[in-house]
Amino acid sequence: MTRGPVDGPTKHAEPTKRAERTGRVVAPWVRTRLRTAPGAAVAFGLLVLVTAFLAAALPRAVDAYETEGLRREIGAAPPGATVLELTAPQPGLEIPRPAREEEMRPAALSAVHRAARAGLPAPLRADPAESAYGVRTADGLSGTDTWLPRPDGVPPRFTLAAQSGVAAHAAVREGRLPATGGRTTAETRELEAAVTAATARDLRLRVGSVIRLSDATGSTDLTVRITGIIEPRDPLGAYWSVEPVLRTPGLAALPSNPPQYRWEAGLLLAPDAGPALLGTQSAPEKYWRLAPATAGLTAQDTPALLQRIASLEGGPELLEMREIAGGNAVLSTGLETVIGSHVATREVITRIVVVAAFGIGSVAAVVLAMAGGLIAARRTDELALLRSRGGSLRGIGGRLLAETAVIALPASGAGLLLALVAVGEARPLPAVYGASAVALLACLTLPVRAVVQHRRPRAHGDRDDLAHARPGRRRTVAELTLLVIAVASVVTLRRRGISGAGDLLVSAAPVLVALIAALVLIRLYPLPLRWAARPAARLRGAIGFLSLARAGRSSVTGTLPLLALLIALTTAAFGGSVLSGVTEARDRAALLAVGADARVATPGDVMPLPAEAERAVRKVTGVRDTTAVRVEWSAEPARGEGGGTAQQKPLTLIGVEPESYTRLARQLGFEAFPADALKSTGGVFDAVASPGLAGRLGTAPRRISSPAGEVTVRIATVRPHTPAAPRSEFLLVDRKALKHADPTTLLATGEGMDASALRAAFKTGAGQEIEVSLRSEERAALTGSPLRSGAERIYAVAVAAGAAYALFALLLSLLRSAPERAALLARLRTMGLTTRQSRQLLGLEALPQALLAAGGGILVAWATIQLLAPGVDLARLALSAASGLTPAGGVSLRTDVWTLALPAAGVVVLTGAVALGQAWWAGRRGSITELRAGDSR
Numbered sequence: 001m002t003r004g005p006v007d008g009p010t011k012h013a014e015p016t017k018r019a020e021r022t023g024r025v026v027a028p029w030v031r032t033r034l035r036t037a038p039g040a041a042v043a044f045g046l047l048v049l050v051t052a053f054l055a056a057a058l059p060r061a062v063d064a065y066e067t068e069g070l071r072r073e074i075g076a077a078p079p080g081a082t083v084l085e086l087t088a089p090q091p092g093l094e095i096p097r098p099a100r101e102e103e104m105r106p107a108a109l110s111a112v113h114r115a116a117r118a119g120l121p122a123p124l125r126a127d128p129a130e131s132a133y134g135v136r137t138a139d140g141l142s143g144t145d146t147w148l149p150r151p152d153g154v155p156p157r158f159t160l161a162a163q164s165g166v167a168a169h170a171a172v173r174e175g176r177l178p179a180t181g182g183r184t185t186a187e188t189r190e191l192e193a194a195v196t197a198a199t200a201r202d203l204r205l206r207v208g209s210v211i212r213l214s215d216a217t218g219s220t221d222l223t224v225r226i227t228g229i230i231e232p233r234d235p236l237g238a239y240w241s242v243e244p245v246l247r248t249p250g251l252a253a254l255p256s257n258p259p260q261y262r263w264e265a266g267l268l269l270a271p272d273a274g275p276a277l278l279g280t281q282s283a284p285e286k287y288w289r290l291a292p293a294t295a296g297l298t299a300q301d302t303p304a305l306l307q308r309i310a311s312l313e314g315g316p317e318l319l320e321m322r323e324i325a326g327g328n329a330v331l332s333t334g335l336e337t338v339i340g341s342h343v344a345t346r347e348v349i350t351r352i353v354v355v356a357a358f359g360i361g362s363v364a365a366v367v368l369a370m371a372g373g374l375i376a377a378r379r380t381d382e383l384a385l386l387r388s389r390g391g392s393l394r395g396i397g398g399r400l401l402a403e404t405a406v407i408a409l410p411a412s413g414a415g416l417l418l419a420l421v422a423v424g425e426a427r428p429l430p431a432v433y434g435a436s437a438v439a440l441l442a443c444l445t446l447p448v449r450a451v452v453q454h455r456r457p458r459a460h461g462d463r464d465d466l467a468h469a470r471p472g473r474r475r476t477v478a479e480l481t482l483l484v485i486a487v488a489s490v491v492t493l494r495r496r497g498i499s500g501a502g503d504l505l506v507s508a509a510p511v512l513v514a515l516i517a518a519l520v521l522i523r524l525y526p527l528p529l530r531w532a533a534r535p536a537a538r539l540r541g542a543i544g545f546l547s548l549a550r551a552g553r554s555s556v557t558g559t560l561p562l563l564a565l566l567i568a569l570t571t572a573a574f575g576g577s578v579l580s581g582v583t584e585a586r587d588r589a590a591l592l593a594v595g596a597d598a599r600v601a602t603p604g605d606v607m608p609l610p611a612e613a614e615r616a617v618r619k620v621t622g623v624r625d626t627t628a629v630r631v632e633w634s635a636e637p638a639r640g641e642g643g644g645t646a647q648q649k650p651l652t653l654i655g656v657e658p659e660s661y662t663r664l665a666r667q668l669g670f671e672a673f674p675a676d677a678l679k680s681t682g683g684v685f686d687a688v689a690s691p692g693l694a695g696r697l698g699t700a701p702r703r704i705s706s707p708a709g710e711v712t713v714r715i716a717t718v719r720p721h722t723p724a725a726p727r728s729e730f731l732l733v734d735r736k737a738l739k740h741a742d743p744t745t746l747l748a749t750g751e752g753m754d755a756s757a758l759r760a761a762f763k764t765g766a767g768q769e770i771e772v773s774l775r776s777e778e779r780a781a782l783t784g785s786p787l788r789s790g791a792e793r794i795y796a797v798a799v800a801a802g803a804a805y806a807l808f809a810l811l812l813s814l815l816r817s818a819p820e821r822a823a824l825l826a827r828l829r830t831m832g833l834t835t836r837q838s839r840q841l842l843g844l845e846a847l848p849q850a851l852l853a854a855g856g857g858i859l860v861a862w863a864t865i866q867l868l869a870p871g872v873d874l875a876r877l878a879l880s881a882a883s884g885l886t887p888a889g890g891v892s893l894r895t896d897v898w899t900l901a902l903p904a905a906g907v908v909v910l911t912g913a914v915a916l917g918q919a920w921w922a923g924r925r926g927s928i929t930e931l932r933a934g935d936s937r
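Residue numbers (the numbering used here): 1 to 937.
Note that these hints are calculated values from the structure, not bench results.
The C-beta atom is built at its ideal place from N, Cα and C for all residues, glycine as well.
Hints are not guaranteed to be accurate.
Label-pair distances were calculated between CB atoms; the ranges are [as the list claims (entries may be wrong)]:
id, residue 1, residue 2, range
1, P428, A253, 51 to 57 angstroms
2, L306, S776, 35 to 41 angstroms
3, Q866, G80, 42 to 48 angstroms
4, S776, S660, 19 to 25 angstroms
5, L306, G912, 53 to 59 angstroms
6, L385, G912, 32 to 38 angstroms
7, A122, K619, 54 to 60 angstroms
8, Q667, A283, 56 to 62 angstroms
9, D587, L306, 34 to 40 angstroms
10, G340, S776, 30 to 36 angstroms
All chains should be built: construct the whole structure from the sequences, respecting the hints.
Shown next, in the form of structure tokens:
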């Protein structure tokens, strides 16, 4: 019995008719494609996310460390160099005396202070906690009392200041703060004052002391009674450091011959005692000190800061300040010098960082293009079928753009958000630009590649292997053009240096060198394969010939991985050479600053060390060896030795114990000399001298005079540096030649020295001051700058990112050809290929390209460093110009073996691991799974 047709519509008839009526597809294209290859979609999304994070985080990191560097530079500078000091002379004599006195009182001064703070142009802002105002004596007053200390019979000079905020910035140790006890006028002759503990100690003052002061004319002007001894709460802050004489007295040399010294100290009057200074001949002046607030400053504020400071010192803003403080007011500051030094250092470091950024960006772009190329290659047949059945390029490109946009846009957004969270205090706009560029590149790579590849419908694909590829004229012209650009870039960098006016051509030099090297290697790659294939064909086994034939038939599009690998390896090696050069320069600078791993000396090396000093140092943990030396910084050729003024200049005479000193110099890496180089003959002692001093004194015997005694020396050996005086011209002799041979300095070598124990060894309570300097502490101080440490982090990321992208590029290359290799193994297994032979075949097939990439990467990276080293000066990145430790020849790149070899070795190891893993996995799957009907692999 047959069943007739069923009346009415079937279950799927209505949707089908609706689809035919509307012309829409049933299944959404994008969702279907994502479900077809979810693993590839996730991997592509992760790649875009990481790349977008790096692109967004890099400009934010640069902004962050530049901002921190600006704030640290201003905060670490001496307050006297950064405070904006507004000063005005005393009111003119044409003004009535009561009015003059009113201008010197706290109420008038405070009003001007508030107006001046409010009138500072943005982005300048004042820190009210460290700002101060008051009245001071521009010309000091001399203390006439005979009980005051007079080193050379010269009476001490005192600076009087009626400054605001003393109670908030100091703690009273004895007595009380000064007061006026009534209304002070220009006729007042008795005042009260407070002094710091350091001033009281050095000037022999105590509570109740009375000081009589006179001006330059010699007439007695004021009598000041000390009512309190105070201790500054923050002695290094701007309040106390702008005029340090108020905090700490000092000996000042008078312009006389021989020089005479006198004490200079400060007396802090009551804030309302300013009018009393009008009655003295001390040129009293009003002042308002505005300490800059750094909390709100950013790196982008530096141009505006320099402009505003220039205007305040001699422009329209100064006129506004004069309207506040008086027509003769003057604003002075050294803040523009501090900011200018920071800007100069920042510009040099930025040009170095741009090289790393360009390298990371280039390899990231190539790897993203490779990822799009891998997807396009996997779908070549699908897209060719669509094109042959009437699919338009616009329609295919639009669908592929939608596919990638669904993955790339959220991934780029996530990378941007991560960068915004990870790096704070930076502008968001550059990060948005970076993430957007990554998203645009990720979205366009696949559709552009597919549209270009399928411009015309193709019935079948032609062979495009490297062994049979013949470069066309257009490719030759393009490669020659790139070669010219690369040569111009390298020549420009070597001649002008990276510190000049930077441009993209100079910054792209490492990438261009790697690009040219990749093009050369691609042209040369088929030649050795052809040469090796001929003898391999005559061998008994087929594995060698087959692997070489397979390696030679790799796709021309497989040159993109080689390009990515060479750029990545070059970027990593260049970054490693920068870090290595910086590290070596800082290590050397720290050694030249200290002279050894530890240095123990009296201040200025003027007094002998305690007799037990060397024994105490040897007991400290970490000390390996010590030597005691005598250092005389003021030695000179004895009078009557002849020669001109040049020979009479002071020199550094060093007396050493030859055996221990030469051993220590050898351990520290100095150019050592044999101990018998300091022998004596007939009362003349052989000496080791620096090159400059040897040129001055010659090789004839010379008598040298110093506080340690007189000695006759003959220069027998020349060395550029020595541990006892590594940065000065020196003359080294046997310590036995000196009349006073007691050591003033102790040098020690060792690792992991206990700094606290070393300093504690000399806290004997005998009153003798001992200075302890450690090489490790000096080395740590050289890395404290946010600018330099931030740039180093960028280069460390460049090394890691270069290595990671290199491995990822290799992985993409291997994944692209994985299906083809799996099908080949399946066919060969049906012909009797064993598992061992499968591993050998895949390993030998991948070996040529892996060796080409690894060996070429090492060679190109090394050549790039050698080519660019003369034009890359890392001195400003490694060392501060103010440290005085910058070598005369600059700091150059240093090849780092680890960053040169490790990524290249990782390429070979990863290639072998993937080959072995694929052979093992293919052996577990059946041949039927791989050899499907209609499979074109």
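That 35 to 41 angstroms hint for L306 and S776 (C-beta), does it hold up? holds (37 angstroms)
Does the Cβ distance between G340 and S776 fall inside 30 to 36 angstroms? holds (32 angstroms)
Is 53 to 59 angstroms a correct range for the gap between the Cβ atoms of L306 and G912? holds (58 angstroms)
Does 34 to 40 angstroms hold as the CB distance between D587 and L306, or does it fail? holds (35 angstroms)
If you check the beta carbons of Q866 and G80, does the distance land in 42 to 48 angstroms? At roughly 47 angstroms between Cβ atoms, G80 and Q866 fall inside 42 to 48 angstroms, so the hint holds.
Is the gap between the beta carbons of L385 and G912 within 32 to 38 angstroms? This hint holds: roughly 37 angstroms between Cβ atoms.
If you check the beta carbons of P428 and A253, does the distance land in 51 to 57 angstroms? holds (56 angstroms)
Does the Cβ distance between A122 and K619 fall inside 54 to 60 angstroms? holds (59 angstroms)
Taking the beta carbons of S776 and S660, is their distance inside 19 to 25 angstroms? Taking Cβ atoms as reference, S776 and S660 lie about 22 angstroms apart, which means the hint holds.
So the hint says 56 to 62 angstroms: do the beta-carbon atoms of Q667 and A283 match that? holds (59 angstroms)
Every hint from the earlier list agrees with this structure, and none is contradicted.
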